[in-house]
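Chains as they are written, first to last, in our numbering: chain H, 166 to 433; chain V, 166 to 433.
It is possible that part of the hints are untrue.
Unchecked claim - Keeping only pairs whose Cα atoms sit at most 25 angstroms apart, straight-line, the calculated SDA-like set for lysine to any residue is:
| no. | chain 1 | residue 1 | chain 2 | residue 2 |
| --- | --- | --- | --- | --- |
| 1 | H | Lys388 | V | Arg326 |
| 2 | V | Lys374 | H | Trp407 |
| 3 | V | Lys388 | V | Gln373 |
| 4 | H | Lys374 | H | Ser333 |
| 5 | V | Lys263 | V | Ser240 |
| 6 | V | Lys374 | V | Pro310 |
| 7 | H | Lys245 | H | Gln370 |
| 8 | V | Lys263 | V | Thr226 |
| 9 | V | Lys245 | V | Gly177 |
| 10 | V | Lys388 | H | Asn401 |
| 11 | H | Lys388 | H | Ser333 |
| 12 | H | Lys374 | V | Lys388 |
| 13 | V | Lys388 | H | Glu330 |
| 14 | V | Lys374 | H | Arg194 |
| 15 | V | Lys388 | H | Ser409 |
| 16 | H | Lys374 | V | Arg404 |
| 17 | V | Lys374 | H | Thr400 |
| 18 | H | Lys374 | H | Met295 |
| 19 | V | Lys374 | H | Asn401 |
| 20 | V | Lys245 | V | Asn175 |
| 21 | V | Lys374 | V | Arg350 |
| 22 | H | Lys388 | V | His329 |
| 23 | V | Lys388 | H | Glu408 |
| 24 | V | Lys388 | H | Pro238 |
| 25 | V | Lys388 | H | Arg350 |
| 26 | V | Lys388 | H | Thr400 |
| 27 | V | Lys388 | H | Met309 |
| 28 | H | Lys263 | H | Met239 |
| 29 | V | Lys388 | H | Ser333 |
| 30 | H | Lys374 | H | Arg194 |
| 31 | V | Lys245 | V | Glu290 |
As the list claims (entries may be wrong) - Between beta-carbon pairs, the in silico distance windows are:
| no. | chain 1 | residue 1 | chain 2 | residue 2 | range |
| --- | --- | --- | --- | --- | --- |
| 32 | H | Gly273 | V | Leu243 | 35 to 41 angstroms |
| 33 | V | Gln267 | H | Arg229 | 58 to 64 angstroms |
| 34 | V | Gly273 | H | Gln373 | 48 to 54 angstroms |
| 35 | V | Ala385 | H | Asp275 | 21 to 27 angstroms |
| 36 | V | Arg229 | H | Gly189 | 44 to 50 angstroms |
| 37 | V | Thr195 | H | Glu308 | 26 to 32 angstroms |
| 38 | V | Asp275 | H | Gly273 | 35 to 41 angstroms |
Quick caveat, the hints were computed from the structure, so don't treat them as lab data.
Just so it is clear, CB atoms sit at the ideal spot from N, CA and C, and this is done for glycine as well.
Listed here are the chains, written in short residue letters.
2 protein chains.
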Amino acid sequence: MTYCVAIKVNDGLVFTSDTRTSAGVDDVRTYNKMHVFEYPGERVFVLMSAGNLATTQSVLTQIRRDLAAPVVPMSLMLAKHMYDAAEYVGSLSVNAQKGVSQQSQFGGVDLRATLILGGQIAGEEPALYMIYPEGNCIASSPEMPYLQIGENKYGKPILDRIIHEDTSLEDAARCALVSLDSTMRSNISVGPPLDLSIIRTDGMQIDQKLRLDLDTPFYASLKESWARNIAAIFTNLPRFEWESEVSPQQDMLIDEIKPDQPPVRRIV
Amino acid sequence: MTYCVAIKVNDGLVFTSDTRTSAGVDDVRTYNKMHVFEYPGERVFVLMSAGNLATTQSVLTQIRRDLAAPVVPMSLMLAKHMYDAAEYVGSLSVNAQKGVSQQSQFGGVDLRATLILGGQIAGEEPALYMIYPEGNCIASSPEMPYLQIGENKYGKPILDRIIHEDTSLEDAARCALVSLDSTMRSNISVGPPLDLSIIRTDGMQIDQKLRLDLDTPFYASLKESWARNIAAIFTNLPRFEWESEVSPQQDMLIDEIKPDQPPVRRIV
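With the sequences and hints as input, model every part of the structure.
See the structure below:
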């Protein structure tokens with residue numbers, strides 16, 4: 166499996182993906198699932214993929230061929246709008262699946278791939294699309310500012326709680342990494358290292374691109390900090406009425422919390 | 166759908182369930198999915214169910230008939246061990262499915278139900294079993310101290326992070342409620358009110374049983390506190406190297422944090 170999440174906030178776009186590919190537990194490999202097409206100042210795209218790896222690689226190969234060809238009807242360079250680019254990538258995906266399906270002597274192989282395409286074309290707003298195996302696509306929206314592909318359920322609650330249009334790009338990136346971290350803890354089919362890309366609105370280029378492994382200091386620190394903070398919240402959640410009003414630990418905390426401190430101080 | 170989670174810690178057992186039953190989005194009802202069989206001082210059981218409601222109700226009816234009958238080969242009262250009780254309930258579930266399946270003129274109806282049975286029989290440790298539709302069962306273990314049925318993925322990460330053998334019963338209950346709350350936020354097929362039961366080890370009775378609706382003060386306060394604390398964590402997660410070292414908000418916080426304060430203070 167795979168887990169990728171892309172987020173659109175006012176300040177730009179965030180993309181995160183894992184790198185584990187498995188055709189069964191005895192065939193586990195690491196593949197890059199985040200692909201960047203960058204023409205600084207003109208247009209910038211990030212494509213993430215879940216599903217059949219051969220279909221994905223066929224789509225990527227065709228995208229690159231169309232970019233390199235002198236005359237083609239359509240390519241990521243020729244797309245006038247982000248929507249056109251998403252439809253173009255969708256058509257490549259359908260073709261890749263169709264081609265193999267017709268050649269195949271075997272049935273029952275799932276050739277489908279689901280893709281996320283995000284980016285910005287100069288003169289347009291940044292945009293984020295999920296491209297279904299059928300080639301059609303949906304955009305993110307202010308009410309649903311993130312799109313997920315792959316093993317999406319474990320990491321959804323934290324996105325639902327945190328991500329809004331006005332979340333900062335960096336907080337969105339941290340939230341996406343926490344969402345991936347939670348998924349990796351609960352499901353071994355999603356695994357490190359993680360890829361992270363950030364596109365700042367109107368920056369017209371990849372602002373940041375990181376590969377984070379479990380021992381990368383920033384990611385190790387984020388994981389540790391998150392785990393510690395989540396555990397610490399439990400020391401200050403409301404008590405049931407049958408619990409003693411003031412536990413020893415609470416006693417200490419209540420003592421330390423001055424009433425004039427801002428609400429954010431109360432979470433200890 | 167449904168979401169139920171049961172947790173076994175050293176101090177006892179915690180059971181939580183939602184109450185939404187749906188046969189499609191246009192047929193949504195509220196049903197109790199948590200059933201208590203209590204013989205104070207002798208034995209106490211909690212049974213939770215996910216799946217086909219008719220199968221579950223058939224199992225419950227047969228459990229009650231066997232308890233009321235003067236002479237039966239087996240019942241929750243006659244089971245010598247928790248494992249025997251789980252096998253007995255499993256056999257009732259298989260019979261319920263078989264009966265309907267043979268009578269049915271229609272195919273394609275999913276008659277399966279998955280159950281969680283937990284409790285304690287005097288002289289034994291408390292125990293927790295998941296009973297599959299096939300009638301067989303698995304117990305919880307120190308490495309896997311919780312069991313989930315129904316829509317289990319959204320609420321799994323918080324259980325994986327928090328629940329250990331030595332977690333207090335009340336923290337386990339709060340964690341289970343957060344797990345349900347996160348699931349309800351992300352999936353409308355799981356809905357309030359929530360049921361919570363607690364069995365304290367060797368208490369040989371239901372220690373607490375609560376029904377919590379969205380406006381029940383304790384649950385409303387737990388939800389609010391959790392949401393606020395999760396958001397607050399983001400103000401203190403590690404910064405990316407390109408972010409200014411000290412944001413205005415951090416500035417204030419760092420100023421307020423004295424170095425001799427215990428680590429738990431640092432999460433603000």
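Report the numbers of all earlier hints that the structure fails to satisfy, in ascending order.
Checked against the structure, the hints that fail are numbers 12, 14, 24, 32, 35, 38, while the rest are satisfied.
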